[in-house]
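**Student:** Below are the chains, spelled out letter by letter.
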Amino acid sequence: MSTVSSWSTTVLPVVETMATLAFAVSGILESARKRLDAVGVCTVAFLCAFGGGTLRDLLLDHRPFFWVQHIELVWAVLGLSALSMALLRDTHREPTERFILIPDALSLGLFTASGTQLALLAHLPSLVAVLLGIVTAVFGGLMRDLVCNEIPSVLKDHRPYAVCAFAGAWVLVLLWHVGAEPWWSLWISASTTAGLRGVALWKQWSLPSWRN
Amino acid sequence: MSTVSSWSTTVLPVVETMATLAFAVSGILESARKRLDAVGVCTVAFLCAFGGGTLRDLLLDHRPFFWVQHIELVWAVLGLSALSMALLRDTHREPTERFILIPDALSLGLFTASGTQLALLAHLPSLVAVLLGIVTAVFGGLMRDLVCNEIPSVLKDHRPYAVCAFAGAWVLVLLWHVGAEPWWSLWISASTTAGLRGVALWKQWSLPSWRN
Amino acid sequence: MSTVSSWSTTVLPVVETMATLAFAVSGILESARKRLDAVGVCTVAFLCAFGGGTLRDLLLDHRPFFWVQHIELVWAVLGLSALSMALLRDTHREPTERFILIPDALSLGLFTASGTQLALLAHLPSLVAVLLGIVTAVFGGLMRDLVCNEIPSVLKDHRPYAVCAFAGAWVLVLLWHVGAEPWWSLWISASTTAGLRGVALWKQWSLPSWRN
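Here the protein sequences come in this chain order: R, U and E.
So for the first sequence, the numbering used here puts the first residue at 4; every next one is plus one.
So for the second sequence, the numbering used here puts the first residue at 4; every next one is plus one.
So for the third sequence, the numbering used here puts the first residue at 4; every next one is plus one.
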């Protein structure tokens with residue numbers, strides 16, 4: 004148990020920092036495409052970076068929030084937003100969608116795995132842990148699209164996104180129940196999710212939908 | 004007091020199951036009309052089914068959430084979504100709006116009554132209990148419309164919906180204060196709401212609005 | 004410490020009442036411009052009036068919510084909505100935007116200052132307190148625009164709004180750390196925010212944005 008607890012206090016924050024900054028980047032790029040103002044850029048970066056984790060902490064009743072415990076993350080996202088605006092505002096090209104996809108797939112994997120693991124540490128049932136993992140990873144992007152006044156792409160674009168997170172989260176639950184090392188479980192689960200997402204994009208897999 | 008407590012642990016869950024599945028159906032039908040993908044169908048079904056109750060539990064600071072305590076509900080909504088997609092995806096007709104109205108009116112009544120009752124059990128003032136009842140019933144549908152990028156119909160369509168819930172919730176508060184049997188109170192309140200909703204649709208009652 | 008505590012129990016509620024009603028007015032005017040029905044008017048008035056403070060209380064894990072403790076506020080917003088509909092529904096002119104700007108600037112200042120102060124009283128880091136102050140002030144209007152199916156103006160219109168709140172909140176944090184009287188701090192901070200907002204509108208200051 005002490006391994007698990009030292010794990011959750013030392014390694015998870017590093018993972019969350021990486022995933023947080025990657026999501027912030029995808030939020031900044033989206034708000035550049037939508038031509039939001041400086042406040043809009045920071046807000047959408049914040050929503051993408053902290054939205055999912057905040058909802059997870061709220062649902063788990065876990066205080067203080069991870070970004071209150073790691074206030075440097077908030078400064079980092081603020082600085083990243085300001086820097087991006089300074090560097091990108093004069094470019095004439097819109098940031099390509101492809102540029103968003105790579106950090107997004109990595110964060111998807113990392114947030115899903117860490118969210119699922121925190122829910123398992125809180126003794127929640129497996130299915131709830133899986134759902135909380137998906138919520139952690141997907142809610143930020145869903146809020147980003149809502150705020151930008153679009154039907155969230157995660158619900159509409161027929162490309163596997165939440166489904167990859169669903170698969171990766173079940174991998175983590177499986178590894179948890181067979182008693183695997185938390186560190187390895189997290190990376191295997193995150194890689195599964197990110198890998199599935201990459202293959203889905205590459206092979207252009209499509210979700211079932213309604214006939215027209 | 005033991006009657007109330009056995010009531011709240013045995014009968015309320017049954018009521019919530021019925022209302023939850025009816026709302027999930029209305030979410031699935033709406034997402035079929037919007038041609039969302041499989042993830043979108045499940046998500047909108049979840050939002051409709053669990054959105055209002057989750058917000059109520061969050062506002063009441065009531066953990067674990069009702070769907071964590073009744074994890075079979077989550078499986079049921081997942082299964083219902085998959086089944087509906089399998090059965091409905093080849094139909095050429097759009098699901099008619101009328102088909103949505105019936106489960107929706109029943110859930111409106113049941114969710115309002117159970118939400119109001121839980122708030123009264125938590126010793127909140129009558130008006131707050133009424134508002135929490137309405138939030139429990141209406142928030143899921145409001146999120147459904149937000150996610151589908153529409154002005155929520157509950158705010159705009161001039162047909163009494165939240166107003167029926169408002170009336171039904173006050174009926175429950177009244178019965179609570181005269182000490183009526185909780186079981187009967189719940190059904191009388193839920194029937195009042197659903198009945199008013201039915202009459203409002205039938206007689207085409209219209210809410211006051213702005214002159215153009 | 005007893006000064007701070009008596010301050011927070013006696014004066015803050017008065018400030019919140021004023022700010023709440025001013026935000027409710029701005030919500031009612033917006034919903035009139037959007038031609039929502041009676042339920043829509045009340046809901047948007049509620050969102051504007053209580054949305055930011057409720058999210059703040061939820062994030063601070065502060066129960067009961069301020070509007071449960073001050074139930075008369077809820078009645079006041081309900082009454083104000085009914086009264087406004089009765090008075091305004093026959094006017095042919097749309098409420099002018101200018102008419103929204105004045106109560107909005109005052110509430111911006113008051114909500115930011117009181118939200119920041121409550122977060123400081125809860126021993127949160129300065130930056131988190133500033134962000135909570137902004138959330139308290141801005142979230143209601145953001146929800147108003149989301150529900151009305153628009154990209155929130157706070158993110159898009161290039162006029163300083165959240166930035167004024169950011170400046171005013173740091174003034175309060177500064178005064179807090181030098182040990183200034185809470186009452187004066189609050190008013191100085193609120194006036195700074197509202198004043199900056201006024202000057203920004205008058206001088207037509209514009210936020211940095213993307214080149215087209």
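Fair warning: there could be bad hints in the mix.
If chains are identical, the list can't say which one is meant, so a pair holds when it fits in one copy or spans any two.
[As the list claims (entries may be wrong)] Here are the simulated SDA-like cross-link-like pairs (lysine to any residue), alpha carbons at most 20 Å apart as the crow flies:
{"no.": "1", "residue 1": "Lys37", "residue 2": "Ala183"}
{"no.": "2", "residue 1": "Lys206", "residue 2": "Asp160"}
{"no.": "3", "residue 1": "Lys37", "residue 2": "Leu149"}
{"no.": "4", "residue 1": "Lys206", "residue 2": "Asp148"}
{"no.": "5", "residue 1": "Lys37", "residue 2": "His161"}
Read the hints as simulated data drawn from the structure, not as lab findings.
**Student:** Can you give me the call for Lys37 and His161, within, between, both or neither, at a CA distance of at most 20 Å?
**Tutor:** Result: close only across copies, 13 Å inter versus 22 Å intra.
**Student:** At most 20 Å between CA atoms: does that hold for Lys37 and Ala183 within a copy, between copies, both, or neither?
**Tutor:** neither (44 Å within a copy, 42 Å between copies)
**Student:** When Cα atoms must be at most 20 Å apart, do Lys206 and Asp160 count as within-copy, between-copy, both, or neither?
**Tutor:** Within one copy only: 15 Å inside a chain, 40 Å across chains, cut-off 20 Å.
**Student:** For the identical chains here, do Lys37 and Leu149 meet the 20 Å Cα criterion within one copy, between copies, both, or neither?
**Tutor:** For Lys37 and Leu149, the Cα distance is within 20 Å both inside one copy (12 Å) and across copies (16 Å).
**Student:** Measure nothing new, just compare the shortest in-copy and cross-copy C-alpha distances for Lys206 and Asp148 to 20 Å and report within, between, both or neither.
**Tutor:** Close neither inside one copy (25 Å) nor across copies (32 Å); limit 20 Å.
The structure does not agree with the numbered hints 1 and 4 stated previously, though it agrees with the rest.
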